[in-house]
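Engineer: Following the hints, complete the assembly by docking chain B onto the known chain A.
As a plain string of letters, each chain reads:
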Amino acid sequence: MESFQISLTDWQKALQELSESYKIYAAVNNGNSIDYEVVNNDNLKDIIYNTPKPATPLKSFFLPAKENVVINKKFHKKNIIIGIPSCDLAGVGLLDEIYLDKDFVDPYYKNARDNSILIGTDCLTTQQHCHCTSYGVNPYPEKNNDLSLISLNGAILIFLNTAKGADIVVRIKEIATVREISSENIKAVQDKREAVKKQLKSRNSKLPDYKETGKLVKKSKESVWEKYAKTCVSCGACATICPTCTCFLLIDRPEFEKVRQLDACQYPGFEKTAGGEDPLKKKFVRFRNRYMCKYVWKPEKFESIACTGCGRCIESCIGSINKNELFIELANKK
Amino acid sequence: MADKAILYRPIKAKVDKVISESPTIKTIVLIPESEFAFKTGEFIELTLNGYGEAPFTPSSSPLETRRLEVTIMKTGYVTNKLHELKPGEVVGIRGPFGRGYPVEKFYGKEIIIVGGGCGFAPIRSLLYNLIAIKEKFKKVILCYGAKTPEECIYKPFVDELKKTERFEVYRSVDRADEEWSEKEGVVTILLEDLKVDIKNSVAVVCGPPVMMKFGTLKLLEMGYPESDIYLSMEKNMSCGMGKCGHCMMGKYFVCKDGPVFTYEEIKNEPGIWL
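So the sequence lines, in the order shown, correspond to chains A and B.
So the first sequence is residues 1 to 334, counted in our numbering.
So the second sequence is residues 335 to 608, counted in our numbering.
It cannot be assumed that every hint is accurate.
Unchecked claim - Think about it this way: if two alpha-carbon atoms lie no more than 20 Å apart in a straight line, the pair counts; the simulated EDC-like pairs of lysine to aspartate or glutamate are:
#1 601(B) <-> 591(B)
#2 348(B) <-> 255(A)
#3 415(B) <-> 252(A)
#4 590(B) <-> 96(A)
#5 439(B) <-> 591(B)
#6 197(A) <-> 142(A)
#7 408(B) <-> 423(B)
#8 78(A) <-> 20(A)
#9 221(A) <-> 603(B)
#10 408(B) <-> 277(A)
#11 373(B) <-> 103(A)
#12 281(A) <-> 603(B)
#13 301(A) <-> 598(B)
#14 282(A) <-> 603(B)
#15 590(B) <-> 103(A)
#16 547(B) <-> 142(A)
#17 13(A) <-> 167(A)
#18 590(B) <-> 101(A)
#19 585(B) <-> 167(A)
#20 215(A) <-> 603(B)
#21 481(B) <-> 277(A)
#22 219(A) <-> 209(A)
#23 473(B) <-> 527(B)
#24 547(B) <-> 277(A)
#25 481(B) <-> 518(B)
#26 585(B) <-> 101(A)
#27 301(A) <-> 603(B)
Derived from the structure by calculation, the hints contain no laboratory data.
So that you can see chain B by itself, here it is in the shape it has in the complex:
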């Protein structure tokens, strides 16, 4: 891990490859100048030299330390520019920051993962981690939703995952086309048909705020305890060290205390779905 005292200075990373995942989402494959280890669910700050910085949870396996993938939706000042990156260019990375997924707490359980849109990014990293130790879990069910089939990301990964023992994948899109053979509707409809042993299960939710909200409400309705629902919160994390205040959510600094929280921890804080 990097020296915590100098975490304002990014280390350099070279763009190795740019993968187009959907019309608005790209994955940037980075080779950091020195080994970069992180735990799944922790996040990094990605710096464009002299331009700006934005927080991302890596979408690659936490078991790989020489290569880092970041999946980025084109949506703002920094991400628009990140979409223009070409192989060979150099960016900066700071981190890893925050509290990731407590994978050890999931041992022996069924894991329901609910993801939407670009929220698949942290989830893919989690899935890579789970696949590597799959005998430790009863089963892992991924429920993923996107707006259209075109916007479903990580297609090759999903195909592989479907073939992986102990893993089940269900997908839905808000608007299907003729070729779509899976479900149509918002992601919560996938939860309706699930057969899960709720008592021996945990749920992980990551996606746009509105999806997180309805996903969580659905899980609560199904009987999941508040302490077994893990949310990865997206706030305006900047310094990453619980100081600058931009990601405050009530008493929490999301960058340091999160970004992964149980619903129980944050349910009374303001603006959790904003």
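Just chain A, same shape as in the assembly:
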């Protein structure tokens, strides 16, 4: 589809203009972390480009930590979300398959999805635990984004990918001086993409791919899970921060209202029935369950991948558990 470039100054002007009719979130550098913030005149300059990855996964826009699912909500403005890395965009695939499942379209999820325009970004740098390429995801937006952008030599390169993103392009063109992307810039983007891919692939060369991980997990012995789960404290951070973990707890409120709250199979009692049976009673079984879900069960049932290699579960683990070390160990024992 369409692509063009504009100056950074024009882009910022366009954002100011657009912020009157949209609520704009963008990845902003807070010093020691990157996260989505609502864009205003003061933080326009802090928006960070080409960089992974906001601390909060994209799913939080569609599946808030807590949400009343009985009362009707109104959206006053559409959201524009800027700076989404490709790992999080890849994660939307599974969310859509579950929450937009034709048998039960979740109206709250659908509303939030319909009301958000997703602007992806290239990752021209990487973080320690990034491993998207191991699971077939490239470090630049390919799926599930309405627009994507890359900041290069003082210019913002914009790629339009869906009809949903077209309105934004029209608005940008009213404000900015639009130029065709130069062949040097196209070449520069391609070179940078290849370089990042190469870097990720070489850093994760020992890590088995998505399919192979599934096979290894399926036939693994209990002892390896017991070993790695030793420092797990069942805090659920890995699931909460995961772009594809979508489980929730349904809480009853007066007036027959219901609130759903993000939940995690890592918490004791997650699958316990009233009769007392609990398939996930043991901690190491819960720990293994999450990886069985990601690499074995979800692939049996859904098209989209259930781990996009963002590495957040490794970064967030207070027990310092690195699932990739576990998978490399499984691969080496083969």
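Structural biologist: Only chain B this time, still in chain A's reference frame:
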């Protein structure tokens, strides 16, 4: 059927009657605010306003849409409170959810039903359905087990069923008393004396996990193919729509893909008897 888009909001239902079935089991008769249709084996979520929600397969006939019966064993946070319900009180119901019994697949066959304890609830609903179209089946054999004679539920229903043409009823209790004239022992002993044409038969099992396990193993030993054994799985179903994840059994969401599965479908999934 209710609008699927708003299935988080329960419809209201008034408690019409509470029937005490055993010291730990009660049947709540509900009158939903609007007609409520379900297929036998599908389940509902029963909500206590502001308190909690739990999944149950209705025990009443799927042919009745103005009245719904739910048979509840007192066993946890929500069921303890459900046992305190009085006529006139209002609860919420969501559903129906899931995949029930494929009754059409049973046409022309002998049906062996193995039930235990409160697992009689979904089975009674199935039996009501089968009775209504009984000429479509060769015969229906119910094998039901409970811990004690006192814990055998649905006594009037069982008496009626015994008199119904094409239906046979066998019961056992783990511990008999002086008045008990039927079998003593676990429910699987009832299967030992059965004369069935296995090739033209299907089996349905519903009960506590341990009974489901040994019931299934016995049926396999008798020669039933894995694809002809239908199990109604009890998991922690919550949303009912294959989203919240609490009822996952391997790749399946029991709430949406089940709760009725053939043994063949689930035999390799983890925790099926847990």
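Engineer: Hint by hint, note whether the structure agrees.
Structural biologist: To see whether the hints hold, each was checked on the structure:
1. For the hint pairing residue 601(B) with residue 591(B), the CA-to-CA distance comes to about 15 Å; that is within 20 Å, so the pair holds.
2. For a cut-off of 20 Å, the pair hint linking residue 348(B) to residue 255(A) stands: about 15 Å separates their Cα positions.
3. Proximity of residue 415(B) to residue 252(A) is assessed by CA-CA distance (about 14 Å); at most 20 Å being required, the pair is judged to hold.
4. Of the supplied pair hints, the one linking residue 590(B) and residue 96(A) holds, its CA atoms being roughly 17 Å apart against a limit of 20 Å.
5. The hinted pair formed by residue 439(B) and residue 591(B) meets the criterion: a straight-line CA distance of about 17 Å does not exceed 20 Å.
6. About 14 Å separates the Cα atoms of residue 197(A) and residue 142(A), which keeps this hinted pair within 20 Å; it holds.
7. Proposed proximity of residue 408(B) and residue 423(B) is supported: the alpha carbons are some 18 Å apart, at most 20 Å.
8. For the given pair, residue 78(A) sits about 11 Å from residue 20(A) by alpha-carbon distance, which is consistent with the 20 Å threshold.
9. With a C-alpha separation of about 16 Å, the suggested pairing of residue 221(A) with residue 603(B) holds against the 20 Å cut-off.
10. Using a Cα cut-off of 20 Å, the hinted pair residue 408(B) and residue 277(A) holds, with the two alpha carbons roughly 15 Å apart.
11. Of the pairs offered as hints, the one joining residue 373(B) and residue 103(A) holds, with about 17 Å between alpha carbons and a cut-off of 20 Å not exceeded.
12. Restraint check for residue 281(A) and residue 603(B): the C-alpha separation of about 17 Å stays at or below 20 Å, so the hint holds.
13. At most 20 Å may separate the alpha-carbon atoms for a hinted pair to count; residue 301(A) and residue 598(B) meet this at roughly 17 Å.
14. Restraint check for residue 282(A) and residue 603(B): satisfied, since their Cα atoms lie roughly 17 Å apart, inside the 20 Å limit.
15. In summary, the hint linking residue 590(B) to residue 103(A) is supported, as the alpha carbons are separated by about 9 Å, within the 20 Å threshold.
16. As the CA atoms of residue 547(B) and residue 142(A) are separated by approximately 48 Å, the hinted pair breaks the 20 Å bound.
17. Between the alpha carbons of residue 13(A) and residue 167(A) the distance comes to roughly 16 Å, so the proposed pair stays at or under 20 Å and holds.
18. Restraint check for residue 590(B) and residue 101(A): the C-alpha separation of about 11 Å stays at or below 20 Å, so the hint holds.
19. About 40 Å separates the Cα atoms of residue 585(B) and residue 167(A), which puts this hinted pair outside 20 Å; it is violated.
20. Restraint check for residue 215(A) and residue 603(B): the C-alpha separation of about 15 Å stays at or below 20 Å, so the hint holds.
21. Taken as a hint, the residue 481(B) and residue 277(A) pair is honoured in the structure, with Cα atoms around 19 Å apart against an allowance of 20 Å.
22. For the given pair, residue 219(A) sits about 16 Å from residue 209(A) by alpha-carbon distance, which is consistent with the 20 Å threshold.
23. Taking the CA atoms of residue 473(B) and residue 527(B), the gap is near 16 Å; set against the 20 Å cutoff, the hint holds.
24. Taken as a hint, the residue 547(B) and residue 277(A) pair is honoured in the structure, with Cα atoms around 14 Å apart against an allowance of 20 Å.
25. Restraint check for residue 481(B) and residue 518(B): the C-alpha separation of about 10 Å stays at or below 20 Å, so the hint holds.
26. Distance check on the hinted pair: residue 585(B) and residue 101(A) sit about 16 Å apart at the alpha-carbon level, within 20 Å; holds.
27. Distance check on the hinted pair: residue 301(A) and residue 603(B) sit about 13 Å apart at the alpha-carbon level, within 20 Å; holds.
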